[in-house]
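**Student:** Sequence:
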Amino acid sequence: MHRLNQVIYLTCWTIAIHILTSACTDFSQFNCFNSEMGCAEQSVAGEVSDSEASQAGFPQPEITSLAGSEQTPSDTQCYVDQLDICETCDINGSVELAPNDQRCERIECLDQYRLEEAEGMLRCIQKSRAATSDGFCYQRGLCHTEETLCTEISTGLAREVAKASCIRIEGCMGSTPPRLVSRPNCHQ
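Residue numbering for the sequence shown follows the working numbering, beginning at 211 and increasing consecutively.
Hints listed in this document are in silico derivations from the structure and should not be mistaken for laboratory results.
For every residue, glycine included, the Cβ atom is placed at its ideal position computed from N, Cα and C.
It is possible that part of the hints are untrue.
What the hints assert, rightly or not - Taking CB as the label site, the calculated pair distances span:
id	residue 1	residue 2	range
1	328	385	16 to 26 angstroms
2	317	387	13 to 23 angstroms
3	384	313	23 to 33 angstroms
4	366	393	18 to 28 angstroms
5	291	363	36 to 46 angstroms
6	309	389	31 to 41 angstroms
7	309	390	39 to 49 angstroms
8	367	397	49 to 59 angstroms
9	300	326	45 to 55 angstroms
10	345	387	19 to 29 angstroms
Taking the hints into account, I'd like the entire structure generated from these sequences.
**Tutor:** Structure (structure tokens):
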């Protein structure tokens with residue numbers, strides 16, 4: 211019975227601490243400011259100088275202006291239910307670019323192949339590609355496309371055969387690699 215009382219007591223304290231630490235997230239609607247002890251009402255009656263406040267252990271609020279910046283007022287507060295694709299809330303409550311978003315298409319930067327004929331030869335040309343980013347988000351509000359994510363890193367010859375030989379190249383189109391196949395009934 212004593213163990214059950216301890217569990218109930220700790221559970222109640224855990225819930226109370228959670229409520230106190232997460233109660234004030236949108237400070238503009240509560241006329242409060244964030245302090246290390248949670249939310250506290252701003253006091254206008256007794257003005258305290260910056261030095262007195264810092265000596266008392268109260269953090270000084272950082273005041274930043276949006277004038278001349280690319281931020282808009284909506285960038286200063288982050289509401290999870292209002293996030294666009296490829297957006298997330300950072301630890302300061304601002305909107306930032308998310309590296310991944312489940313709504314983005316998963317893109318693989320596969321090598322690309324094309325078949326060329328020149329000087330009596332069939333050549334399979336391979337373009338090796340790699341991703342420019344680990345994530346699938348390009349910028350806030352936009353997912354990567356194959357064009358923005360994949361970059362060509364090299365181009366080379368994958369296979370080559372004489373056009374008149376008994377071996378032909380199959381595949382070598384799009385992301386399908388080449389394979390060499392014997393021509394039926396070919397005697398050379």
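**Student:** Do the Cβ positions of residue 384 and residue 313 conform to the proposed distance bound of 23 to 33 angstroms?
**Tutor:** holds (26 angstroms)
**Student:** Range first: 36 to 46 angstroms. Now tell me if the beta carbons of residue 291 and residue 363 are that far apart.
**Tutor:** At roughly 41 angstroms between Cβ atoms, residue 363 and residue 291 fall inside 36 to 46 angstroms, so the hint holds.
**Student:** Is 49 to 59 angstroms right for how far apart the beta carbons of residue 367 and residue 397 are?
**Tutor:** Since residue 367 and residue 397 have Cβ atoms about 28 angstroms apart, the given range 49 to 59 angstroms is violated.
**Student:** Does 18 to 28 angstroms hold as the CB distance between residue 366 and residue 393, or does it fail?
**Tutor:** For residue 393 against residue 366, whose Cβ atoms are near 25 angstroms apart, the range 18 to 28 angstroms holds.
**Student:** Using the beta carbons of residue 309 and residue 389, state whether their distance is inside 31 to 41 angstroms or not.
**Tutor:** Holds, at about 37 angstroms.
**Student:** Measuring from beta carbon to beta carbon, are residue 317 and residue 387 in 13 to 23 angstroms?
**Tutor:** holds (19 angstroms)
**Student:** Confirm or reject the claim that residue 300 and residue 326 have a C-beta distance inside 45 to 55 angstroms.
**Tutor:** With a Cβ separation near 49 angstroms, residue 300 and residue 326 satisfy 45 to 55 angstroms, so the hint holds.
**Student:** Against the range 19 to 29 angstroms, how does the distance between the Cβ atoms of residue 345 and residue 387 compare: consistent or not?
**Tutor:** holds (27 angstroms)
**Student:** Holds or violated: 39 to 49 angstroms for the Cβ distance of residue 309 and residue 390?
**Tutor:** holds (41 angstroms)
**Student:** Go ahead and decide if the range 16 to 26 angstroms is satisfied by the Cβ distance of residue 328 to residue 385.
**Tutor:** holds (23 angstroms)
Comparing the model with each numbered hint stated earlier shows that hint 8 is the single one that does not hold.
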